[in-house]
Amino acid sequence: MALEVFGNYVVERHLGRGGMADVHLARVRTGARAGTAVALKRLRPEVANHPEYADLFVGEADLSRYLKHPNIIEVIEAGSVDEVTYIAMELMDGWDLHTLLRAAQQRRIAVPWRLGCHIAQMVGQGLHFAHTAKTATGTPMGIVHCDVTPANIFITRDGRVKIGDFGVAFTGATGRALEVGLAGQPHYFAPEQILAEPATPATDVFALGVVLYEMLTWKRPFEGAGARAICRRILRGRTSPPSRHRHDVPHELDALVLSCLRRRAATRPGPWARLCSRIWGPPLRRLPTAQSLVDALRTFAAPAPLGPDNLQHYLQRVNIDAPAPVA
Numbered sequence: 001m002a003l004e005v006f007g008n009y010v011v012e013r014h015l016g017r018g019g020m021a022d023v024h025l026a027r028v029r030t031g032a033r034a035g036t037a038v039a040l041k042r043l044r045p046e047v048a049n050h051p052e053y054a055d056l057f058v059g060e061a062d063l064s065r066y067l068k069h070p071n072i073i074e075v076i077e078a079g080s081v082d083e084v085t086y087i088a089m090e091l092m093d094g095w096d097l098h099t100l101l102r103a104a105q106q107r108r109i110a111v112p113w114r115l116g117c118h119i120a121q122m123v124g125q126g127l128h129f130a131h132t133a134k135t136a137t138g139t140p141m142g143i144v145h146c147d148v149t150p151a152n153i154f155i156t157r158d159g160r161v162k163i164g165d166f167g168v169a170f171t172g173a174t175g176r177a178l179e180v181g182l183a184g185q186p187h188y189f190a191p192e193q194i195l196a197e198p199a200t201p202a203t204d205v206f207a208l209g210v211v212l213y214e215m216l217t218w219k220r221p222f223e224g225a226g227a228r229a230i231c232r233r234i235l236r237g238r239t240s241p242p243s244r245h246r247h248d249v250p251h252e253l254d255a256l257v258l259s260c261l262r263r264r265a266a267t268r269p270g271p272w273a274r275l276c277s278r279i280w281g282p283p284l285r286r287l288p289t290a291q292s293l294v295d296a297l298r299t300f301a302a303p304a305p306l307g308p309d310n311l312q313h314y315l316q317r318v319n320i321d322a323p324a325p326v327a
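Per the working numbering, residue 1 is the first one in the sequence shown, and the count goes up by one each step.
No lab work stands behind these hints: they were computed from the structure. Beta carbons: idealized from backbone N, C-alpha and C, even for Gly. Check the hints yourself; a few may be wrong.
[To be verified] The calculated label-pair distances, taken between Cβ atoms and stated as ranges, are: (1) Ala-255 / Thr-132: 36 to 46 Å; (2) Gly-138 / Pro-250: 36 to 46 Å; (3) Asp-158 / Ser-259: 39 to 49 Å; (4) Ile-76 / Glu-46: 44 to 54 Å; (5) Ala-255 / Val-5: 49 to 59 Å.
The whole structure should be built from the sequences, with the hints applied where relevant.
If you want it as structure tokens, here you go:
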């Protein structure tokens with residue numbers, strides 16, 4: 001079967017589908033990057049007919065010029081071929097966090113809380129860079145990701161943690177996108193997003209708090225039967241601490257996670273550097289180092305898909321103390 005040629009790319013296989021685009025594995029045909037594998041993200045035709053959504057997709061490409069950071073997925077180029085808008089991104093040789101968490105839960109393997117903190121800290125560094133990004137003239141851009149979820153967090157085989165998909169990273173965009181189901185998952189919405197209020201860096205703090213809670217417990221802090229019920233729970237702002245579900249979570253980590261989930265944005269931790277120092281500082285010391293994460297991920301070097309055996313090995317390698325069972 002002949003492979004599809006799309007501009008300067010040869011499309012090899014389908015990788016997944018998001019709210020606005022399909023993603024394929026592709027290789028660069030010519031130029032300095034010839035032969036390089038990329039993730040080719042193409043706007044779907046039915047979405048392209050809606051200018052507001054096409055603008056979101058193009059906006060992601062525009063933002064990428066300012067988002068060069070080790071903890072943010074690199075956008076190689078963006079453009080249009082035969083009226084199909086695309087973004088070519090670095091291909092992540094590893095797994096998204098959603099896949100890792102699902103595999104861990106299926107095997108009843110608790111993710112070490114120190115590993116969860118390490119991943120959150122790395123994502124936090126990438127988000128902080130985006131939050132403080134400026135234009136070439138020094139004007140603050142006010143970027144807020146607005147879609148921080150496990151599916152948008154990636155861990156590579158060589159130990160890097162990256163956040164991707166800035167497709168709805170516009171203040172005010174979520175209020176419209178929530179109506180049509182394009183702006184992420186309601187479990188990770190901050191109260192201000194639900195109320196269509198301006199997004200701030202604290203909006204991403206809330207979502208990352210939900211992700212960290214999920215890494216610790218396999219549960220999301222706010223559940224409900226459908227999006228409206230979930231949003232009502234979020235607006236009430238009451239949830240149990242992670243240690244209620246897992247006894248080895250320190251009380252200090254309970255306090256940190258719950259502070260990220262506060263209903264009022266102004267009361268959440270910030271700036272981001274201070275939050276990261278709370279994750280790393282006492283009494284939550286002895287977290288995995290970056291090198292220990294790299295060493296652990298080398299157990300995934302074989303091309304075989306993620307399975308229970310290498311997942312077990314991975315979690316054991318990065319864990320300093322054996323994790324407690326999750327209730």
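We went through each hint and held it up to the structure:
1. Roughly 26 Å separates the CB atoms of Ala-255 and Thr-132, a value that falls outside the hinted 36 to 46 Å.
2. Taking 36 to 46 Å as the suggested C-beta distance range, the pair Gly-138 and Pro-250 conforms, at roughly 41 Å.
3. With their beta carbons about 32 Å apart, Asp-158 and Ser-259 fall outside the hinted range of 39 to 49 Å.
4. Look at Ile-76 against Glu-46: about 26 Å separates their beta carbons, and that is not inside 44 to 54 Å.
5. Roughly 55 Å separates the CB atoms of Ala-255 and Val-5, a value that falls within the hinted 49 to 59 Å.
Of the numbered hints stated above, those contradicted by the structure are hints 1, 3, 4, listed in ascending order.
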